[in-house]
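S.K.: The residues making up each chain are set out below.
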Amino acid sequence: MSVEKGREITISVLKFNPRSAVSKPHYVDYKLEETPGMTLFIALMKIREEYDPDLSFDFVCRAGICGSCGMVVNGKPALACRTLIANYPEGKLTLLPMPAFELIKDLSVNTGKWMDAMSKRVESWIVDNGEETDIAKMEERVDPDIADQTFELDRCIECGICVASCGTMLMRPNFVGPVGMNRVARFEVDPHDKRTAEDFYELIGDDDGIFGCMSLLACEDHCPKHLPLQNKIAYLRRKLVALR
Amino acid sequence: MKINYCDALVIGGGLAGLRAGVAAQKKGLSTIVLSLVPVKRSHSAAAQGGMQASLGNSKMSDGDNEDLHFADTVKGSDWGCDQDVARMFVHTAPKAIRELASWGVPWTRVREGSREAVINAKKTTITEDADRHGLIMSRDFGGTKKWRTCYTADATGHTMLFGVANEALKHDVDIRDRKEALSLIHEDGRCYGSIVRDLITGELEAYVAKGTCIATGGYGRVFKQTTNAVICEGIGAAIALETGVATLGNMEAVQFHPTPIVPSGILLTEGCRGDGGILRDVDGHRFMPDYEPEKKELASRDVVSRRMIEHIRNGKGVPSPYGDHIWLDISILGREHIEKNLRDVQEICQIFNGIDPADEGKKGWAPVLPMQHYSMGGIRTKPTGESQNLSGLFACGEAACWDMHGFNRLGGNSVSETVVAGMIIGNYFADYCLANDVTIPTATVQKALDKQDAYLDEILAYNGTEDIFRIKNRMQNLMDQKVGIFRDGTGLAEAVDELEELLKKTKQINVKSKERVGNPELEEAYRVPRMLKVALCVAKGGRERTESRGAHYREDYLKRDDANWLNRTLTSWPSEDDTQPTVTYEDLDIMTMEMPPAFRGYGAKGMIIENELSAKRQEEVDTLKEKMEAEGKDRHEIQDALMPFSLPMNYKEKNERAGDK
Ligand SMILES: Cc1cc2nc3c(=O)[nH]c(=O)nc-3n(C[C@H](O)[C@H](O)[C@H](O)COP(=O)(O)OP(=O)(O)OC[C@H]3O[C@@H](n4cnc5c(N)ncnc54)[C@H](O)[C@@H]3O)c2cc1C
Ligand code: SF4
Ligand code: FES
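As given, the protein sequences belong to chains L and Z, one line each in that order. Per this note's numbering, residue 247 is the first one in the first sequence, and the count goes up by one each step. Per this note's numbering, residue 133 is the first one in the second sequence, and the count goes up by one each step.
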């Protein structure tokens, strides 16, 4: 907590309510005093309570775990709850809603709807051979390394930051996005999932999927969970290309 | 009026709600799950440490079984729990975790061979047998006899929630997020669904169903200092209370966790201590052994929390701008261990406090202080999960007082409860929906909707001088100060009075924007009065309960009083015009208990006012056990004779274990 106390900061927010006939997108500046350890979560809550009760944004865990609070901070998508004001020496932060998602209001976007569609599209669940597992019996053994590898890819919190940073997304609205491809990679590793490479090809073997990626790397740079997105995309691409 | 019909309505899409939703959908019912936020963002995602299930796979958990898990849970609850429910729970937990494994939760697995672990601050070598390689691993948590807490590093809640949510998508459960339940539709003692507000469009809709299951999580946000997500406001419990029919159980039973980080309140998991982390005071001294020589840092959460505050009161806290705190030291576990198993903890320390907890010595110590963490109280149900008074209303997960936690829940027993209750209650709930039709006239539904509609208009028309955010802050501070870890009669009485005043003041506010859509202040304005009702149940229940049990600790009544208080508090809100809840009680029957009340194993002995039936029942239990053992009966038969219990589906089947002879 090496922040000097009492610095005046300016938070500039793009406000817009697409559901109102009169609302037009416009910036509003809020000036407030920085407190030690202040995050954007703390700052925005203060703004709502003391200056503008009408300001909309989304927080749930406020701990960087749930993926609710993605927004564009000074041009870069980030989790607002983990954004320390102290990391902005100029004391000015401009906040925009994340692109690529439907705008709800102000900083609030509908990532949930997008992620649900993505999950359905890549069938983001275990596809087994249809036999019911007898849960009174011992569990299937999994090699500890494979379990760890699956876990590493399962850590995605669906925050949408990779989607908001993705160049392909701007040109292909139906692009499955880095998060979708990570999901495929995750189930590909999981021994409980019986799908083959051909099955995955059916899901993402096109330009809206694995072959649409331009490898600009922004997804991986911004992912707050440090998922190896580019590595995995490259791996899947090699694997799926080999099929045709 | 838009009416959505379905067979089974689940309000809340955390682990409990989603698992119950899967149960209903699998029985062929059309099932809708509603949630304030995308379900994968539910509070369940934040659970770090793990899930208890007595698999007995690894070395340190070898020999574990349902009986040990049961005994730990009952003791942990300070004998406040429903022992039937605790039995149902421990028997189903191994099945729940195996089901989750088959749904893809990447549980950390046993690796054969030797590894180093820190036990009681000493490096120890543990060697895993080859025949256990690849089975689900477990770690140590407070209050358990065996290492029983299964985990995926320190992101257990996240992986579990994604596993269950994905499975719900696979089975086409109709999940609708950004939908907020405002009230329940009910008539003649039966519940028929809910009036719901769409948080994007502001539209009010009715959801009419054969059965309704509330799984809206806890009420931690009635406190200021809490580890809970900002959406844990207890609204599910409040709307059940507002029916005037359903009751809430043990609302004063609120758990405080020893190690949230200061000042943000973000939790550093119990896994930190489970894996060997220790607590230090202003002098760097490890003080827990002075207070709890046997269990030390791994005594129950309520005990550790109180000891920390006690030590601070003794002048041994570390001063800081945010008040005195204690240090948590995990650096002794070594960098490698932290970077693999406690990575989220490390990240939280780095991002929010600029500390790397793997740094050796004082540099890596994290400032911690006990804060509100878990709601043992909730919607009171029968063992089937159905409300005792309002038929067709079910509840599960943290929103419910089902009641396997009594007055203190053990770490790892909550996410376990959510999925286990989702399985058990979900199936009873589905059976109810299969057996009962909707018979409610549309006019009743319209009336319920109109009422909420008029209420929103009323709020927008208030023209007072109060501010809803200030009222909320005042409530939260009051709860921290007077209904916190240490309680007494005077403080609790003051809290009840002031909360009542605050509730009245919620009608004297002025909401600045008059928009019905996208107006966060309006949302506060209709939520805070409900939160205040929940807070009043907590404070008043606490004021009346003149004993100390589990997390409910009265400085003016230090003993657990089994003679007078072996009961469950029930709070209800019979009339809308009431400004305080009505408190009644439900007795616990010692003579049907498998484990009659005894010493819990922590703190000083002699702090119990005994109930004479305890010794009587103990004798009965001992005699029966002895006799059956002599007859060569196994532990399952003996258990069945002592306290038979039933379960839906095939959940009663015996759990297979690697250590079975
Ligand atoms: C930081 C932290 C760490 C924890 N770690 C552990 C651990 O390691 N092990 C363990 O066993 N337990 C742990 N717990 C406790 C455990 O996580 C919770 O008790 C459990 O996840 C609760 O799950 P739930 O399904 O009951 O509710 P939640 O996950 O809280 O879900 C509630 C759902 O209800 C919805 N909702 C709420 N109100 C409404 C409304 N009015 N209308 C519609 N929907 C609504 C929400 O959107 C959400 O979907 C931890 C808790 C915290 C705070
Ligand atoms: S891959 Fe990373 S950036 Fe993308 S949604 Fe998941 S956690 Fe967020
Ligand atoms: S609020 Fe959960 S990640 Fe920011």
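Worth flagging that the hints you see were computed from the coordinates, not collected in a lab. Small disclaimer: the values here were computed from a predicted structure and weren't measured. Treat the hints with care, as some may be off.
Unchecked claim - Below are the BS3-like pairs computed for lysine-lysine, each with C-alpha atoms no more than 30 Å apart in a straight line:
| # | chain 1 | residue 1 | chain 2 | residue 2 |
| --- | --- | --- | --- | --- |
| 1 | L | 292 | Z | 637 |
| 2 | Z | 644 | L | 270 |
| 3 | Z | 644 | L | 277 |
| 4 | Z | 191 | L | 383 |
S.K.: All hints, please: hold or fail.
M.R.: Here is what the structure says about each hint:
This hinted pair checks out: residue 292(L) and residue 637(Z) have alpha carbons roughly 22 Å apart, not beyond 30 Å. Distance hint between residue 644(Z) and residue 270(L) is fulfilled; the C-alpha atoms sit about 20 Å from each other, no more than 30 Å. Between residue 644(Z) and residue 277(L) the CA atoms are separated by roughly 20 Å; this keeps the pair inside 30 Å, and the hint holds. Between residue 191(Z) and residue 383(L), the direct Cα distance comes to roughly 20 Å. Compliance with the 30 Å bound is thereby established for this hinted pair.
Violated hints: none; the structure is consistent with every hint.
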